[in-house]
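**Student:** Chain by chain, the residues:
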Amino acid sequence: MADFRPGTPEQEEFLRDLVGAGYLIESGVAGVYGRGDAFERVRLGFDAKVTAASETEAPEHMVFPPLLPRRQMEEVGYLKSFPHLACTVFAFEGDEDQAAEQERRADEHGDWSEYQEMTDLVLKPAACYPVYPAIAARGALAPGGVMIDAGGTYVFRHEPSGDPARLQAFHQREIVRIGEPETVIEWRNRWRDRSLELLRSVGLDATPDVASDPFFGRSGRLLARSQRAQELKFEVVVQIAGPEPTAVASFNYHQDHFSSVYGIEMAVEDGGDATAHTACLGFGLERITLALVREHGLDQDRWPAAVLAELGL
Amino acid sequence: MREQIRQVIREHGHLAVDIDGLADAADLYQAGMTSHASVNVMIALEDTFDVEFLDSMLKRSVFESVDSIAQALTEVGVPA
Chain B
1 MADFRPGTPE QEEFLRDLVG AGYLIESGVA GVYGRGDAFE RVRLGFDAKV
51 TAASETEAPE HMVFPPLLPR RQMEEVGYLK SFPHLACTVF AFEGDEDQAA
101 EQERRADEHG DWSEYQEMTD LVLKPAACYP VYPAIAARGA LAPGGVMIDA
151 GGTYVFRHEP SGDPARLQAF HQREIVRIGE PETVIEWRNR WRDRSLELLR
201 SVGLDATPDV ASDPFFGRSG RLLARSQRAQ ELKFEVVVQI AGPEPTAVAS
251 FNYHQDHFSS VYGIEMAVED GGDATAHTAC LGFGLERITL ALVREHGLDQ
301 DRWPAAVLAE LGL
Chain U
1 MREQIRQVIR EHGHLAVDID GLADAADLYQ AGMTSHASVN VMIALEDTFD
51 VEFLDSMLKR SVFESVDSIA QALTEVGVPA
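Chains as they are written, first to last, in my numbering: chain B, 1 to 313; chain U, 1 to 80.
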């Protein structure tokens, strides 16, 4: 079991307020909540703003389930970088006696794991992962590459916490750009700036920052510092329930990491191929919703009219 | 020490070029070593020399060249 990280008193109080006002519905597991009507209105309102902002670039839309083939998690090296966040799907395999024993133990809330076998699925930890093999399967890309809107799908990170801004299951609105290195870097930087406009238009005090992923262990410290030194990852942070500001969006340049794994190539004029580079952006829709509630209050009737209009509410 | 460092880089650095053609001061990242490969180099160096790099050494610049790696290894007690 991953260690439970308690929230600060301020975060725990904010969580109680969110539950009390019907934004979140407790499940009994930290970091896994139902969303009430008030929450979903805001989340979908911001999601629609992202859609409107991206439509000018005419992205191709792809939607994938919240599960990922286990093989893909293995291929992209997730278990090397983030073994502590991964979650694998297991299922029953056995005969009738074993099923009966499993049920007996489960009825007592005991340990029934010995009757479970690993399946070929894991919980999807990032919305963009299925996009790369799907694009690679098409063959070499035409100059300019592609932009894929992977939608706002549920992703999972195994990190139970008392901070309502650190959920285990949340919606990540991801858009992926695959193309020449200079094309994807320019796109990544332009969207980082555009995200500031989007977040500020709904009254959030958003600021950009160089960032790193939560890589595991000592080797992870080397990876994280390398990522920062190369400015491969930017986050946009907003104050939610202290003490530190929380990242609500990230803008990531992967260089040729995913394209090398899956063999994504750019067709070049002299007839050869060149390895494509990739970048993705992700908006944490729950965190943005929480930031909006924190900024404007639990009662949406009292939110500024301009903010409600921006969200289509 | 430098020949052992070169052997580790040869096995784990996934360079785009032969390390024999690179000077001790040459930039390994420029030669094609990725961040993920540098992690494998770091772990293999610790195994080879039976040392542990200090936390402050777990950064990109330390694994940039044979020279910079040799300097870090000297600092954690490997005889030059």
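Honestly, the hints are just simulated from the structure, not real lab data. Just so you know, even glycine gets a beta-carbon here, dropped at the ideal spot from N, CA and C. Warning: the hint list may mix true and false statements.
Distance condition first, Cα-Cα at most 30 Å in a straight line; then the derived DSS-like pairs of lysine-lysine [claimed, not checked]:
1. Lys49/B to Lys233/B
2. Lys59/U to Lys49/B
3. Lys59/U to Lys233/B
4. Lys80/B to Lys233/B
If you only want the chain U side, here are some residues facing chain B, beta carbon under 8 Å, derived [claimed, not checked]:
5. Arg2
6. Ser35
7. Ser38
8. Val39
9. Met42
10. Thr48
11. Val51
12. Asp55
13. Lys59
**Student:** For every hint, state whether the structure bears it out.
**Tutor:** Against the structure, the hints:
{"no.": "1", "hint": "Lys49/B to Lys233/B", "verdict": "23 Å, holds"}
{"no.": "2", "hint": "Lys59/U to Lys49/B", "verdict": "39 Å, violated"}
{"no.": "3", "hint": "Lys59/U to Lys233/B", "verdict": "16 Å, holds"}
{"no.": "4", "hint": "Lys80/B to Lys233/B", "verdict": "18 Å, holds"}
{"no.": "5", "hint": "Arg2", "verdict": "21 Å, violated"}
{"no.": "6", "hint": "Ser35", "verdict": "4 Å, holds"}
{"no.": "7", "hint": "Ser38", "verdict": "7 Å, holds"}
{"no.": "8", "hint": "Val39", "verdict": "4 Å, holds"}
{"no.": "9", "hint": "Met42", "verdict": "6 Å, holds"}
{"no.": "10", "hint": "Thr48", "verdict": "16 Å, violated"}
{"no.": "11", "hint": "Val51", "verdict": "13 Å, violated"}
{"no.": "12", "hint": "Asp55", "verdict": "7 Å, holds"}
{"no.": "13", "hint": "Lys59", "verdict": "4 Å, holds"}
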